[in-house]
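Peer 1: Sequence:
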Amino acid sequence: RPYLVALVALDPDELAAFAAEHGLEPDAVPASPQMRAAVQEAVDAVNATVGPVEQVKYFEILPHDLSQETGELTPTLKVKRNVVAEKFAPLVDAIYARAGE
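Letter by letter, the sequence shown follows residues 14 to 114 in the numbering used here.
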């Protein structure tokens, strides 16, 4: 792929705090413009510290956190990259398609 994209999983505790602070229902936070702006700000801050090839060009916020129950994390809470890549392949493909890969 020509550039990096990211799938963003929100921490449930941070999500609840963000919802309360912005007067949103917790279930509505991942799709909210306020959360998208907050994540974009964080991505921009990280992108400023790395070279162009290492920068995240586009991202999507996942509707739920990664978990052991859904098979996306190991018992030591490491991401099972192959599982996540397979499970979210349609979303990643859509990100690249929307961006005009």
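Watch out, some of these pointers could steer you wrong.
[Claimed, not checked] Each computed SDA-like pair below joins lysine to any residue, with the alpha-carbon atoms no more than 20 Å apart: (1) K70 <-> L90; (2) K70 <-> P25; (3) K70 <-> N60; (4) K100 <-> F72; (5) K100 <-> V66; (6) K70 <-> V105; (7) K70 <-> F101; (8) K93 <-> L75; (9) K100 <-> E38; (10) K93 <-> P76; (11) K100 <-> V21; (12) K70 <-> A110; (13) K93 <-> L104; (14) K93 <-> A110; (15) K91 <-> A110.
[To be verified] Here are the in silico distance ranges between beta carbons for each label pair: (16) G113 <-> E27: 17 to 25 Å; (17) G113 <-> D24: 14 to 22 Å; (18) Q68 <-> V96: 38 to 46 Å; (19) K100 <-> P25: 28 to 36 Å; (20) P88 <-> Q47: 16 to 24 Å; (21) P39 <-> T62: 27 to 35 Å; (22) D57 <-> E27: 27 to 35 Å; (23) Q47 <-> T87: 16 to 24 Å.
These are computed hints drawn from the structure, not numbers from a lab. Ideal placement from N, C-alpha and C gives every residue a C-beta, glycine not left out.
Peer 1: Would you mind marking each hint as holding or not holding in the structure?
Peer 2: Here is what the structure says about each hint:
1. K70 <-> L90: Given pair K70, L90 is violated - Cα atoms ~26 Å apart, limit 20 Å.
2. K70 <-> P25: violated, 25 Å
3. K70 <-> N60: Holds: K70 and N60 sit about 9 Å apart, inside 20 Å.
4. K100 <-> F72: Answer holds: K100 to F72 is near 16 Å, not above 20 Å.
5. K100 <-> V66: Violated, at roughly 25 Å.
6. K70 <-> V105: holds, 12 Å
7. K70 <-> F101: holds, 18 Å
8. K93 <-> L75: Holds: K93 and L75 sit about 16 Å apart, inside 20 Å.
9. K100 <-> E38: violated, 26 Å
10. K93 <-> P76: holds, 18 Å
11. K100 <-> V21: Answer holds: K100 to V21 is near 14 Å, not above 20 Å.
12. K70 <-> A110: At roughly 13 Å apart (the allowed maximum being 20 Å), A110 and K70 satisfy the hint.
13. K93 <-> L104: Roughly 17 Å separates the two Cα atoms, so the pair holds.
14. K93 <-> A110: violated, 25 Å
15. K91 <-> A110: violated, 29 Å
16. G113 <-> E27: 17 to 25 Å: Given range 17 to 25 Å: violated, Cβ gap about 32 Å.
17. G113 <-> D24: 14 to 22 Å: violated, 31 Å
18. Q68 <-> V96: 38 to 46 Å: violated, 26 Å
19. K100 <-> P25: 28 to 36 Å: violated, 19 Å
20. P88 <-> Q47: 16 to 24 Å: Violated - the Cβ-Cβ distance for P88 and Q47, about 34 Å, lies outside 16 to 24 Å.
21. P39 <-> T62: 27 to 35 Å: holds, 31 Å
22. D57 <-> E27: 27 to 35 Å: violated, 18 Å
23. Q47 <-> T87: 16 to 24 Å: violated, 32 Å
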